[in-house]
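Under our numbering, the letters of the sequence shown match residues -11 to 679, in that order.
Mixed in with the good hints there might be a few duds.
[Stated by the list, open to error] Pair by pair, the computed Cβ-Cβ distance ranges are:
1. E169 / V664: 27 to 33 Å
2. E557 / S647: 47 to 53 Å
3. H84 / I297: 48 to 54 Å
4. I174 / S647: 20 to 26 Å
5. I511 / R646: 44 to 50 Å
These aren't lab readings, by the way, just hints derived from the structure by calculation. Cβ atoms here follow ideal geometry from the backbone N, Cα and C, with glycine treated the same way.
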Amino acid sequence: MSEFLVIVESPAKAKTIERYLGKKYKVKASMGHVRDLPKSQTGIDVENNFKPKYITIRGKGPVLKELKSAAKKAKKIYLAADPDREGEAIAWHLAHSLDMDIHSECRVVFNEITKDAIKESFKHPRAINMDLVDAQQARRMLDRLVGYNISPLLWKKVKKGLSAGRVQSVAVRLIIDREKEIKDFIPEEYWSIDGEFLKGKTAFDAAFYGLENEKVELKSESDVQNVLAKMKGNKFKVESVTKKERKRNPAAPFTTSSLQQEAARKLNFRAKKTMMLAQQLYEGIDLGKEGTVGLITYMRTDSTRISEIAQNEAADYIQNSYGEEFLQIEKKKEKKNSNAQDAHEAIRPTSTYRAPASLKEYLSRDQLRLYRLIWERFVASQMAPAVMDTMSVDLKNGEVIFRATGSKVKFPGFMKVYVEGTDDQSEEKDNMLPDLKEGDEVLKKDIEPKQHFTQPPPRYTEARLVKTLEEQGIGRPSTFAPTLDTIQKRGYVALDNKRFVPTELGEIVHELMMEFFPEILDIEFTAKMEKDLDYVEEGKVNWVQIIDDFYGDFEKRLEKAEKEMQEVEIKDEPAGEDCEQCGSPMVFKMGRYGKFMACSNFPDCRNTKPIVKDIGVKCPKCKEGNIIERKSKKRRIFYGCDRFPECDFISWDKPLPRSCPKCENLLVEKKLKKGVQVQCVECDYKEEKQS
């Protein structure tokens, strides 16, 4: 008989931990929460200090029965749920269900699932932290009070299936506000003058800077002509040369937010997918003879702190693999985010020595890609800064000054391993100028004026939206991925070219929320609520007080909305074609996965079909049908013949309406990391990358 029972959330985690603890320990999984507020009612007694009514979650009866049976046989029970508010709440619910003393030393926490970390954590069990539990309870109950009171109202006044939530409503607001900025944006004209110059036979680029050492903005074509008129001949004199050495520091190790952003940029992963894969890497992967091993530290964190042990191991690895000059000599002071809880470490590999290449046979393709990203980011964060040689040269012709800038990597430092991505995917490249000295003469080869217009702010990608939510203090690491998932499932927003756009439904719900529940959509109010929850966690504020302060005004607004909110009829948009089954007009409807076509004679006729987009290309296989854009079950776009199933032509790459000039076969647009490339499906013909 096992002397000790350990309860964790997942079977994968249980399997890994049991191997480390030995025969005296039996490790079982609760499969997440075992108790929650009931689904059929609010489950909160607002007249009795907001006392929650918890019940066993449907379907968890057999799990709880098994845990109770194992608990009776055990000398001691340890609750080892995740090291955050959610995990503390799971432990508390388990303690209640198993009649455990919550003040006993029954709680064990660890930031990584490795043998040393697990064994060390069991040397220091503690009581359940009720401040953490209360903070989680308060969040859960606030969300329940908002969701279970506003959602039925939206069902009644707008349409069934809608929901409202504190964080999701603010996320939708950000997307709608950005769309309004884009619509209201008035472009402003501006110009640039690019020049190509020669020093001997070496060509280099420079751009117009100003007149007589003063920077000048070119706002119109007449400004450009004025500058060109002041230039005499093709000779420019090198007026000044400035050479500097610049250091570039590595990015900090990942937090939950920065991991989601970087995985979106570099791996094209959605936030939900990133967190799912990170969970797998954290809980443990079977590494053959080595057994099941947790490969990364806990993935829900807003801290960039790194333990001294991990720093020393990384330093040892860097010195052995790259050389002593690549070691970070001065340890950077961590810039702590004012919103960060700093509960545990940054996301990092549990062992620096477990390089990505050594795990290739054990990980799926996507697991390996995410692990490599985490490993490279962490190793780079512990390396020396890169050193760049920069050069700035002013070229003068009369009053006119052109400026050329160049840079070159003098010492790669951390860039040897990893360079942080950006939303525009730009990278620092060598761009060295020829050897120029003051007084030198260079020749103008070409001058090209260019007209530009200022651009509106870009729509939010998942990465940008996560970054904005974090910067505004809205939500916490664990909430970002489910929030983005929910606003899409409810049909409030859609993704267009990987950027969020609000739907008509989203705008209608947003307007109603702004009219009747403005505080729910107020960014500062929501951020303050997150701060208040942090104060509950720190034991500074009572959780009941937080909810009571919120509920007083909220209840009044709810009563007003019940009386005054008008019903909104969302009319179906005509699709412009008739139903092939009954002849009635087809209409566009909004479903869980976006718009689709349905017969207006519903429910007598239940004909539906997806919206297809003709891309203007004849089918290369049957020569009769047209190629249309379709979506797979996993919502991935592909292209197929509209005569399917008679013709089974499909392509993941977008076919083009022109033939290969070399062999006259089909040309397609092949998506690359940056832009697309036109390729032939048969021969080796390729065209230059398109932006």
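Query raised in the report: Could one say that the CB atoms of I511 and R646 fall in the range 44 to 50 Å?
Result: The hint (44 to 50 Å, Cβ to Cβ) holds, given that I511 and R646 are roughly 49 Å apart.
Query raised in the report: Okay, H84 versus I297 on CB: inside 48 to 54 Å?
Result: Once the Cβ atoms are compared, 36 Å apart, the range 48 to 54 Å for I297 and H84 is violated.
Query raised in the report: Could one say that the CB atoms of E557 and S647 fall in the range 47 to 53 Å?
Result: holds, 50 Å
Report task. Look at the Cβ atoms of I174 and S647 and judge whether their distance stays inside 20 to 26 Å. Result -> violated, 43 Å
Query raised in the report: Range hint 27 to 33 Å: satisfied by the CB atoms of E169 and V664?
Result: holds, 28 Å
Going down the numbered hints, you'll see the structure goes against 3 and 4, while the others check out.
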